[in-house]
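Novice: First to last, the protein sequences are chains Z and F. Reading the first sequence from the start, the letters are residues 42 to 473 in my numbering. Reading the second sequence from the start, the letters are residues 133 to 542 in my numbering.
Incorrect hints may appear among the rest.
[Stated by the list, open to error] Among the chain Z residues that face chain F by a calculated CB cut under 7 Å, a handful are: (1) Leu74; (2) Asn77; (3) Gly81; (4) Leu157; (5) Leu297; (6) Val312; (7) Val320.
Hints in this document: simulated from the structure, not taken from any laboratory. Where is the CB? At the ideal position from N, CA and C, for every residue including glycine.
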Amino acid sequence: MSDQTTNSIAFVAEGTIPPSPPPANETGVVKWLRENLFSGVGNSILTIASVLLIYVVLKNTLPWIFNGVWNADSLSQCREILGGKTGACFAVLAERWNQLIYGFKYPVEAYWRPNLAFLLMLVAAAPVLFFDLPRKMLLFTAVYPFVAFWLIWGGTVLVPLVALFGCVAAAVVFQKYGKNSFAAGFFGGIVVALIVWKVGGALISESASENAWLTAVPSRDLGGFMLNLMLGVTCVSLSLPLGIALALGRQSDMPLIKWVCVIFIEFIRGVPLITLLFVASVMLAYFFPPDSTVDLFLRVVIMITMFSAAYIAEVIRGGLAALPRGQYEAADSLGLDYAQAMRLIILPQALKISIPGIVNVAVGLFKDTTLVSVISMFDLVGMIRGPILASTEWNGVYWELLGFAALLFFVVCYGISQYSQWLERRLATDHR
Amino acid sequence: MSTMTDPPKSDFRLSMLINDTRYRSLTFQVIAAIVIALSIWYLGNNLIQNLRAAGLNISFAFLGDPAGYDINQRLVEYDSQSSHGRAAIVGILNTLLVAVLACITATIFGVIAGVLRLSKNWLVSKIMAIYVEIFRNIPVLIWIIIIFTIMTAVMPGPREFRGDNPTSSMLFDLFAFTNRGVYIPRPEFSNGLFGSAILNWLLVLAGLVGSWFASHEIEKRATLKQEQTGDRPKTFLPKLAVWLVPFLILMVLMGLTWDVPELKGFNFSGGIKVGGPLIALWFALSIYTGAFIAENVRAGIQAISKGQTEAAAALGLRPGQIMKLVILPQALRVIIPPLISQYLNITKNSSLAIAVGYADITATLGGITLNQTGRAIECVLLLMLFYLTASLLISAVMNVYNASVKLKER
């Protein structure tokens with residue numbers, strides 16, 4: 042009986058079957074395509090529609106870009122060279138490059154100065170942006186504003202030197218007295234700086250700028266993308282301390298301080314930047330002493346700084362609110378006073394939380410610097426809409442110029458937001 | 133027995149003003165008050181001196197003077213003999229018009245892009261990511277100018293619609309896209325129940341509001357029935373009827389006709405003309421802010437943990453129901469606060485109208501009126517007052533809505 046059973050079994054496996062590869066449509070490209078592009082009827086339709094969209098966009102732009110003409114003197118010459126083909130006229134960028142970057146009044150022989158200032162800015166910003174770099178580089182960062190001012194505006198070297206000296210004196214006073222009492226060091230520093238500036242300003246003669254190493258360039262001659270960059274960098278760096286002060290003021294127990302900060306922040310956030318620029322261009326001059334002449338650039342910097350300070354203050358307030366109450370109590374129980382607690386315990390944590398928000402504000406502010414073209418300053422957009430498109434040679438070259446402006450802003454803003462994401466990952470100390 | 137210790141004799145010393153926490157905040161506030169008062173006095177003094185030197189005074193009487201300029205795009209009656217105040221009102225209405233239109237379309241773009249960015253379809257989600265990055269990282273002013281340039285330089289002129297072989301033609305014979313603006317058909321009532329068109333439109337609006345209440349009532353009844361019997365009656369058809377039937381009856385009763393734009397001579401006439409600047413501003417604000425809203429929507433949906441979806445699926449809900457009943461109500465709580473600030477941004481960014489010549493409040497009051505009358509301080513103050521009021525109103529209304537969808541915690 043057992044024999045019969047044995048014989049009736051047709052097949053006995055005598056070893057393990059070698060693993061066979063998965064079916065062809067479950068591996069590699071095919072699987073990826075099936076899962077990501079054609080997983081259902083709806084998805085397939087979406088995919089085909091997207092491919093069509095990409096095809097249409099590329100079909101219209103690629104010939105335009107690759108047929109582009111880079112050497113021509115005017116739009117009509119461009120069209121002659123193209124001879125009826127579709128193609129861009131990038132010659133306008135080549136021919137008007139200096140105007141787009143520096144504006145149309147900055148002296149040509151002095152272009153090396155903003156270039157150098159830009160390169161030095163990268164060096165000065167590096168230790169702020171990347172913590173691994175030696176801390177000694179921060180010294181250069183502290184000196185950089187004065188160097189950049191002198192390079193871009195020129196004139197006598199004494200002005201930035203006196204300004205720098207005032208700041209150094211203030212820092213020394215703060216180092217000496219700030220240890221015991223923050224308020225004494227802080228206000229003492231301000232008073233000393235003011236005295237140095239006043240005395241130094243009186244010592245510099247009116248004619249000092251005439252035979253300076255670098256010829257003086259008035260602010261109204263600044264323009265182009267340089268103006269956007271200058272406004273963006275200056276206003277963001279100035280508004281950061283102001284924003285921290287406003288945020289702390291808004292959290293304050295003192296009702297007067299609190300309400301002043303609340304009203305300031307809510308007022309600035311409630312009105313568009315354009316109205317503040319109007320204030321800068323037509324109204325602010327009324328509030329300065331009658332015989333003073335504060336140039337438009339400085340007035341615009343004041344208003345944009347106030348604008349971004351209000352937004353940064355709100356971001357930092359969020360960071361302060363996100364800190365657990367225990368951090369404040371721990372600082373108190375250590376016996377730290379307000380300034381110490383803020384500087385050593387609260388702000389380092391709150392600012393870390395606020396970094397993405399601050400970077401968002403900075404990117405938004407940099408984009409908003411284009412608004413100064415509305416009050417007839419010739420920044421990049423102002424140059425394009427004003428002198429370049431109005432000229433007889435280049436009247437009608439819209440896409441090349443606007444595309445160039447869009448590309449410049451995209452590169453800078455996208456770069457900053459990528460940096461912020463990197464920084465967030467870098468600073469993430471909690472395990473998530 | 134308890135010993136009573138007297139509080140320490142507080143013989144007041146001057147240094148306590150700065151060192152004693154009881155007095156310190158008072159000291160600081162007094163100092164701050166003095167500083168603030170001094171700066172206000174200083175600025176006010178400068179202002180008075182400057183105004184006197186320029187022979188000016190602060191007065192709002194110019195608002196009654198004839199404006200002397202024309203406005204193409206307007207919602208209320210206005211001609212060049214109207215006052216500056218009237219021009220400002222036209223501007224306010226134009227600002228509100230473009231802000232409301234842009235808020236609606238930006239929300240639509242944003243929700244679509246945000247949901248599609250989470251799509252399982254790799255290509256679609258990448259395209260949406262590119263859309264969001266491109267539009268978020270380029271200034272809105274450049275977008276407004278680009279779209280305005282499309283409207284004026286790329287769109288055909290009206291004369292290209294003429295002749296036996298026109299190079300351009302109207303879309304469905306109803307819409308005309310020209311470089312002077314877009315012409316769309318205008319609905320009109322041939323035998324309205326009231327004399328004026330506005331009253332007829334108000335009647336239509338009242339009908340729609342009635343339909344909304346009725347459909348709400350149907351939903352409520354269905355829910356009640358479901359709670360009592362466990363069966364939810366079908367509500368789709370009754371709701372459709374409640375929306376459509378009164379509307380259609382009203383339309384037939386009042387004799388709805390369409391005034392279709394027609395090419396007459398050198399230009400189109402009839403229909404509604406939507407000017408190029410309005411379209412540029414509307415569309416640019418919509419796609420720009422839409423990119424930001426897309427990010428908010430994506431973050432809101434991703435903030436809902438996967439367990440919620442799985443729990444809903446375990447209850448036997450269908451995918452559509454999961455989205456409608458479980459995910460969206462929770463995601464909305466995350467999405468709405470940033471959405472409010474995006475709406476505020478749209479309202480404030482609509483002031484960029486001045487760059488393309490759309491007659492909003494910034495272009496009328498802050499532009500032409502300011503330049504004609506030279507009343508810089510008054511104009512800018514009024515302008516700020518308007519935007520401030522608008523911002524506060526929008527955030528108040530949206531906060532009420534936010535409070536109504538907020539998580540009710542005990």
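Novice: Let me make sure I understand: some of the numbered hints might not hold for this structure. Which ones are they, in numerical order?
Specialist: Hints 1, 3 and 4 not satisfied by this model.
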